[in-house]
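Residue numbers (the numbering used here), protein chains in the order written: chain L, 761 to 1122; chain A, 761 to 1122.
Where hints are given, some of them may not hold.
Any copy will do: because identical chains look the same in the list, a pair fits if it lies in one copy or spans two.
As the list claims (entries may be wrong) - Quick list of in silico lysine-lysine cross-link-like pairs, DSBU-like style, CA-CA up to 30 angstroms:
| no. | residue 1 | residue 2 |
| --- | --- | --- |
| 1 | 859 | 998 |
| 2 | 1094 | 859 |
| 3 | 965 | 1053 |
| 4 | 796 | 1094 |
| 5 | 1103 | 859 |
| 6 | 1100 | 1062 |
| 7 | 1053 | 1120 |
Just so you know, the hints here were simulated from the structure itself, not pulled from any lab data. This structure is a prediction, so every number in the text was calculated from the model and none was measured.
There are 2 protein chains.
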Amino acid sequence: MNLKHQLNVDLADRSYPIFIGHNLLQQHNLITDYIKGSSAVIVSNTTVAPLYLDQITAALNSANIRFDTVILQDGEQFKTLATVEQIIDTLIENRHDRKTTLIALGGGVVGDITGFAAAIYQRGINFIQVPTTLLSQVDSSVGGKTGVNHPLGKNMIGAFHQPQCVIADTQTLATLPDRELSAGMAEVIKYGLIHDADFFHWLEKNISQLMQRDTNLLSEAIHVSCKTKADIVAIDEKESGIRAILNLGHTFGHAIESAMGYGNWLHGEAVATGMVMAVDLSERHQWIDDQVKSRTVELLSKANLPVKSPGEMSPQQFMNIMAIDKKVDQGVIKLVLLEKLGKALITADYQADLLQQTLKEC
Amino acid sequence: MNLKHQLNVDLADRSYPIFIGHNLLQQHNLITDYIKGSSAVIVSNTTVAPLYLDQITAALNSANIRFDTVILQDGEQFKTLATVEQIIDTLIENRHDRKTTLIALGGGVVGDITGFAAAIYQRGINFIQVPTTLLSQVDSSVGGKTGVNHPLGKNMIGAFHQPQCVIADTQTLATLPDRELSAGMAEVIKYGLIHDADFFHWLEKNISQLMQRDTNLLSEAIHVSCKTKADIVAIDEKESGIRAILNLGHTFGHAIESAMGYGNWLHGEAVATGMVMAVDLSERHQWIDDQVKSRTVELLSKANLPVKSPGEMSPQQFMNIMAIDKKVDQGVIKLVLLEKLGKALITADYQADLLQQTLKEC
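With the rest of the complex left out, here is chain L (with noise of 0.2 angstroms):
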């Protein structure tokens, strides 16, 4: 057995299972246990299939599971309404009934898709995640958003939709490039800052071991992450409070992501960078000591995440594409900030001549 963790995601009838360890696609149970019906379409990805489907496929098998494939093309061009489509046209051609279960093995992008296919199929029926980057294992395997993105804006079109349960096996790390293991850790890096001091200061003591793929330690800060994820979205499933807090960096990320071009900056290098503006505010305020700033610009760089936005982006820039933000709220923009290390708040008041230094000197 290298199960290391098991969480519970607490939402009523809607809870699941996050199994967290080392080579949990070999333990066929673990997906097949939680395949209700006797029908399955795998969703994978040109990247991804190669390295892990057929393991997915032998627990399939296992079991005597029918099962289709669609491998979609690879980056987040290919999250659209038309994917969905394309899953679709598989299931209905195939005769997948409501029984049926998705199964979405790759990273954030197929998760999304696969998970909102999995929504408005026959008004929703059931699917299992196996995410096999950082990012999504830590981040979008929680919470049960899912969507696709419109010509004008990303994640327009979706739906909260739970799975069954969620499988994250640090065994499909050893194949993740190095800079997608840097953006996941931003996001790790996350948790600590808005929720819990004790795991940052964990995280600054084994920051190198973790970059290095100590397959434990990852395990650890996996499971630390989602813990903290699950706990804050029990409170509030569809955001309309304290959630939110999850959006630490993400409201500077997102300009820096929609101002240098979608794909440039991965995302949680833009929310590495976007971070640390949020503490500088917090700092400018006097919220938080000198101190907490570089340690956070200290730590993201031992993970190899920029800590500096892009010199060609004009404080102005920030401020056009931030105000068509979705965090607006009649035209005033909130926040993310911290109170203290390990606490986040969500607020409009702050000053506009800090926030202006932010923008200047970030």
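For this one, chain L is given, so just place chain A on it according to the hints.
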């Protein structure tokens, strides 16, 4: 005040009221009280908009609610994902945020499409149903089923999404074509058959005046129908059990619609004939006496509904189409039948030879 009935659909935090009465669209607050933000998008079609759109816009203007309008072409063939995208384009292009409200003004097709757009825009926004046909007032205004068709199957793509309120204005029935009034009455009669023998008897007494569009009697019939459906849906929101009794006549009816080409028989007409077949099969099992069948045939006939299946359809054709219906479980066709007038059951425990007789002789 012309508000005759208010009914609460009891679904915990997704509960909502249904307002039933004459000239309700002129009571602006019935709509505006249920718009939480300061903007809205009205979705209607080319048939209904010229008749009633003005009344909705007057209501919105009275409360200074900014709005846009999407006018769809009229017809089931436009109940597609492409039409949903058209609504979403309008939402994004006009910068409607997640606090906007969609208003569906029209029959079941407009309601299904609009409700689904509301379900998936930014992972779910509010919507209000203003059903303008008898069928949509008694059927789709309760239960939260939304969705669109796929080229290979009806309602294959959708979501459960509850409205903020439903406004069933009997004034809008004044312009309804006779054939559609009858089709709606088929579903009204269904509620008597499956759940309420007293209501069935009341319908027998009042059917001529109902067909003459007596607004008080129509309000009463709509109220009892919605209440019956609401009671059933409150027990089983996601149709895992009892809710399926609402499909009395629908398995046979879908087979007729499918065989005759969608649109040639109206849904309600096919359901009427399907209910006669279900009653006939129940009688052949001696669960009900022969009076129930003759009374059903007579009541449906007085509502100008067909009570015999198309002569050109063979029993084999019925069986072939019914075998691919959504209600098939592990190869067995489950049917909704009557154990007595006013009480339905869902069963796979009927005699195959009696089913053959029903298919042959109805």
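Here's how the hints hold up against the structure:
no., hint, in the structure
1, 859 <-> 998, "both (26 angstroms within a copy, 13 angstroms between copies)"
2, 1094 <-> 859, "between (42 angstroms within a copy, 16 angstroms between copies)"
3, 965 <-> 1053, "within (17 angstroms within a copy, 79 angstroms between copies)"
4, 796 <-> 1094, "between (42 angstroms within a copy, 20 angstroms between copies)"
5, 1103 <-> 859, "between (42 angstroms within a copy, 28 angstroms between copies)"
6, 1100 <-> 1062, "within (22 angstroms within a copy, 74 angstroms between copies)"
7, 1053 <-> 1120, "within (16 angstroms within a copy, 81 angstroms between copies)"
The structure fails none of the hints (numbered hints given earlier).
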